[in-house]
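Going down the list, the sequences are from chains A and B. For the first sequence, position 264 (counting from the first letter as 1) is numbered 264 according to full-length UniProt numbering, and the numbering increases by one without interruption. For the second sequence, position 74 (counting from the first letter as 1) is numbered 74 according to full-length UniProt numbering, and the numbering increases by one without interruption.
It is worth saying that the hints were derived from the structure and are not from the lab. Fair warning: this is a prediction, and the values are worked out from it, not measured in the lab. Glycine included, each C-beta is placed from N, C-alpha and C at the ideal position. Treat the hints with caution; some may be incorrect.
[Claimed, not checked] Below are the DSS-like pairs computed for lysine-lysine, each with C-alpha atoms no more than 30 angstroms apart in a straight line:
{"#": "1", "chain 1": "B", "residue 1": "K125", "chain 2": "A", "residue 2": "K37"}
{"#": "2", "chain 1": "B", "residue 1": "K277", "chain 2": "B", "residue 2": "K57"}
{"#": "3", "chain 1": "A", "residue 1": "K59", "chain 2": "A", "residue 2": "K173"}
{"#": "4", "chain 1": "A", "residue 1": "K146", "chain 2": "A", "residue 2": "K169"}
{"#": "5", "chain 1": "A", "residue 1": "K138", "chain 2": "A", "residue 2": "K10"}
{"#": "6", "chain 1": "B", "residue 1": "K277", "chain 2": "A", "residue 2": "K241"}
{"#": "7", "chain 1": "A", "residue 1": "K256", "chain 2": "B", "residue 2": "K57"}
{"#": "8", "chain 1": "A", "residue 1": "K241", "chain 2": "B", "residue 2": "K623"}
{"#": "9", "chain 1": "A", "residue 1": "K202", "chain 2": "A", "residue 2": "K285"}
{"#": "10", "chain 1": "B", "residue 1": "K439", "chain 2": "A", "residue 2": "K233"}
{"#": "11", "chain 1": "B", "residue 1": "K125", "chain 2": "A", "residue 2": "K20"}
{"#": "12", "chain 1": "B", "residue 1": "K11", "chain 2": "A", "residue 2": "K276"}
{"#": "13", "chain 1": "A", "residue 1": "K276", "chain 2": "B", "residue 2": "K388"}
{"#": "14", "chain 1": "A", "residue 1": "K240", "chain 2": "B", "residue 2": "K623"}
{"#": "15", "chain 1": "B", "residue 1": "K197", "chain 2": "A", "residue 2": "K256"}
{"#": "16", "chain 1": "B", "residue 1": "K388", "chain 2": "B", "residue 2": "K623"}
{"#": "17", "chain 1": "A", "residue 1": "K37", "chain 2": "B", "residue 2": "K27"}
[As the list claims (entries may be wrong)] Chain A residues, not near chain B, derived (Cβ > 10 angstroms throughout):
{"#": "18", "residue": "L32"}
{"#": "19", "residue": "G39"}
{"#": "20", "residue": "K138"}
{"#": "21", "residue": "D235"}
Residues per chain are reported as follows:
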Amino acid sequence: MRYEAPTTTKEAASLIAGEKGEAFVLAGGTDLLVRMKTGLSDPDLVVDIKHIPAMQDIKTTDSGTKIGGAVSGSRLNSNKKLKKAWPGVVEATNLIGSDQIQGRATMVGNLCNASPAADSVPAMIAAGAKAVVVGPTKRRTVPVEKIATGPGRTSLAKGEIIESINLPKRTGKSGDAYLRFIPRTEMDIAVVSAGVNLTLEKGLVKTARVCLGAVGPTAVLVQKAAKAIIGSKLDEESLKKMADACSAACNPISDKRGTVEYRTKVAGVLAKRAAKIAFERAGGK
Amino acid sequence: MTHDQSFTNQKFKLVGSRVNRPDGVDKVTGRAKYGADAAAPGQLVALFLRSPHAHAKIKKLDTSRAEKLAGVKAVITSADLPDHTNGAQLDVLENCMARDRVLYDGHAVAAVAAIDRETAKKALKLIKVSYEKLPHVTDVDEAMKSDAPLVRENIFTRGVDPKPTKPSNICKVSTFGHGDIEAGFNEADVIIEKSFKTEQTHQGYIEPHACLASVGPDGNGELWVTTQGHYTYRTVCSALLGMDMAKLKVTSSEIGGGFGGKTHVWIEPIALALSRKANRPVKAVMTRDEVFKASGPTCSTSMDIKIGAKKDGTITAGSAHIRYQDGAFRGQWGQLGAMTAFACYDLKNVQSVGYDVLVNRPKVAAYRAPSAPMAAFGVESTVDLVAKAIGMDPVALRIKNAAKEGTRASYGPTYGPIGIGPTLEAAKNHPHMRAKLKKNQGRGMACGFWFNFGGQTCSDINISADGTVNLTLGTVDVGGSRASMSLICAEELGIPYDQVKANIADTSSLGHNDTTEGSRGTFSSGMATIFAAREAIEEMKERAAQTWDIPVEEVEWVEGEARAVGKKNDNLPPLTLKEIAGRAAATGGPIAGHNEVVADGAGVSFASHICDVEVDPETGGTKIIRYTVIQDAGKAINPDYVEGQFQGGAAQGIGWALNEEYIYGDDGRLQNAGFLDYRIPVCSDLPFIDTEILEIPNPNHPYGIRGVGETSIVPPLAAIGNAVSNAAGVRMTHVPMSPPRILKAIEEAAEA
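Chain A on its own, in the form it takes in the complex:
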């Protein structure tokens, strides 16, 4: 196995593109190293991206916030501005693993691992986040919901690396929230989860995005659920409509973590609860 630690994203992309065998990006390594240890992955090349300056940045510009691909969960947690603007995204990322894992784990790694139960992903999708994808020859910007295509699969071509996640600029009264259900209190994987992001105008929901996790092969952006609460003050009726839309959008499996019935039901419950938190954070009453 070869280990490389380039200092530019382009260089990293070229290394991976040029590798004939199996190549992996190493960000925090909280998924990759476990896979290697248990024998699930046996890479020929590992490209460590932590030495690339652009990967370590958290930058706020006029168009929003740019979070580098190697930024750890604990760094997000210590960024007060980011936490104020996107509390749901930061909370979702901070739910992954333990304190030790938080020192290593990254949002982009979570996204590229492409688990349907990834905690940061529904929150990012609800936030309308975009991924900056860098290949050996060109860059492109892609909505986060276009990255994962199924469990363990992404739309990235060989040699394409996500350099950063761009969160849109916050305007006016807005809030987001992410909730997951786990049987324990921590150190667990979502059985089902929901991220909600909304903005208010005159006390009513003006825009909303609702995204569910662990209820299908990828995170599910549920437009009907968003529509159900737009224009409302989150009264019981619109919340119920939203929950029903969420349940209807579920296409889960029964496995060791939960049943189809359970995930379908609880997806709606969590979406309702997350919407209430987001509403309150936006200053809604």
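Put chain B on the given structure of chain A with help from the hints.
Same frame as chain A, but now just chain B:
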């Protein structure tokens, strides 16, 4: 010298105080050596090839390519092991290494020893096995059906008349009880009949099985191993491999949890066999995946409980039909379940029938009060239902029917002084019982029983020239027993606690000691320590008498010193232990005390637990709000660790009750062989677990000690089951009460 083991109500200076454990600093600083921490020059790494099938015939097993790989020093299959066909140890060896059939997912079929892990991994890939898959069964009720796939073809049900002529997965039927249950049910005003299920759980010890084995061509061997009983490992390994017991030295490492799972051998005989074949030391360490698949979890169960009572609360009859799976090898787990089911109660008419059933799952081993928690879940849930049906407080109902001194136990013997009544009274009077509950919260309580065990023990006390004392024990310290034994030794000798250094001997340095199981450590090793100390005191009195030139009858031992008694000896100043020890060379040589004993009369143990939970009615998620353990310890030598045992049992019970379970796929393979999806509680899942120690002396121990290690895991499934049922408004009958099961029960109740 013979010693009297009767309780004497001695007044203590040290026993009962809270002291730091002597192994504590090493453990918190990382200096302590566990199973995987030993190394030897030239050691090889052992890895195991395991079955991917639940049940299959091994048609062909070819290791030739692996053997030829550079760096591979030995490969072992069942063909390389002694043939124990028809022998008493056949099952033990066959579990360690499959013969012609694999009987569960993870069953070992071959093992390699190579110069490093990478080479061993490559070698495993070069071993070719062709399997013929056979039908499998993993559910206990399914396995009992007449058309179920047979796990073993040579098992005929024992305990039934006439003797069966066809083989069956039911290996044993055990019946206990007395009176006439039909008459009893006829007298009842209310009869409750309910079925229950519990899923398979693992002890979840943090340290995987690990050992370093070395056998030379001269037949001498050494085994460094994490175990609860190194003497038992010696007995079993030497029998399996045809070695002389005295030539196999087994040393127990520090142990990172066992809870019954480290009472049986798994990889150890194979590591020894690999070492013997390779003529090199061999280190074997299980992965967590292997621990789940191929060590010894406890049973999954299914049972039907029936209890009848009069309106005044008198239970007129109880019956239990208890079905436990033993994995793929015969056990006595259903029998133990049947024995413990009604042990808390004084019943005129009682019957419990236990079935031991084979399935294609790993061999079941002991898990803390093995078999009792599941039976208690069934019985204590049903007792709660009886209380509801007659409108009586559940604690009052239990108090009314509690066993007491003189009660004929449901499993046969007559009880001496016991603690079930007092623990129930303490529960009734505990402030926890009167604490207010909020919305969606519920309270439950339950009681539990465990036999406890004594067994073979011996201890040495050697007094050093400077007056410090070596206490040598053969009972593996799994829960802080070195601290308790040091306290007892210091108490008897009359010296400070920190003047005693307790060590666990290897098998060649001290006589046989039974495994630390059955909550026997403090009871039996405590007894041997008391008696060994008293022997040493007698010796020191002799030395003092010799020094003073007076008859030994005129010497007494008080507060760590020899005193000459009688007026004519007034001029003789006392001789301290240190002074006597310092002069030992001149008075007859080293001073020691020794005792070997079969410690009989381990007093039975009872506990009552109270639990408050909050259930989220929309997700079925459960939070434990408050938990209280009340248990009889006989005498708490070191109360900190007695409380620790109470809390530990409750913590494991909480995990079992709410989330832990072996999940098998339709293919008979284990789906969750890891701590991510086998959910033991994490710290934040647990409330502070409150404890109350009762001390009802065991008449058969000088200090009144009863074992405390196991009983605390018996009530939790039922206590939590009762609390969750009260909070959710629907009776839960299937453990674990995981969120999907609770939500489903709530929804079904709402529809009905």
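For which of the previously enumerated hints does the structure constitute a violation, in increasing order of number? Those not satisfied are hints 6, 12, 13 and 19.
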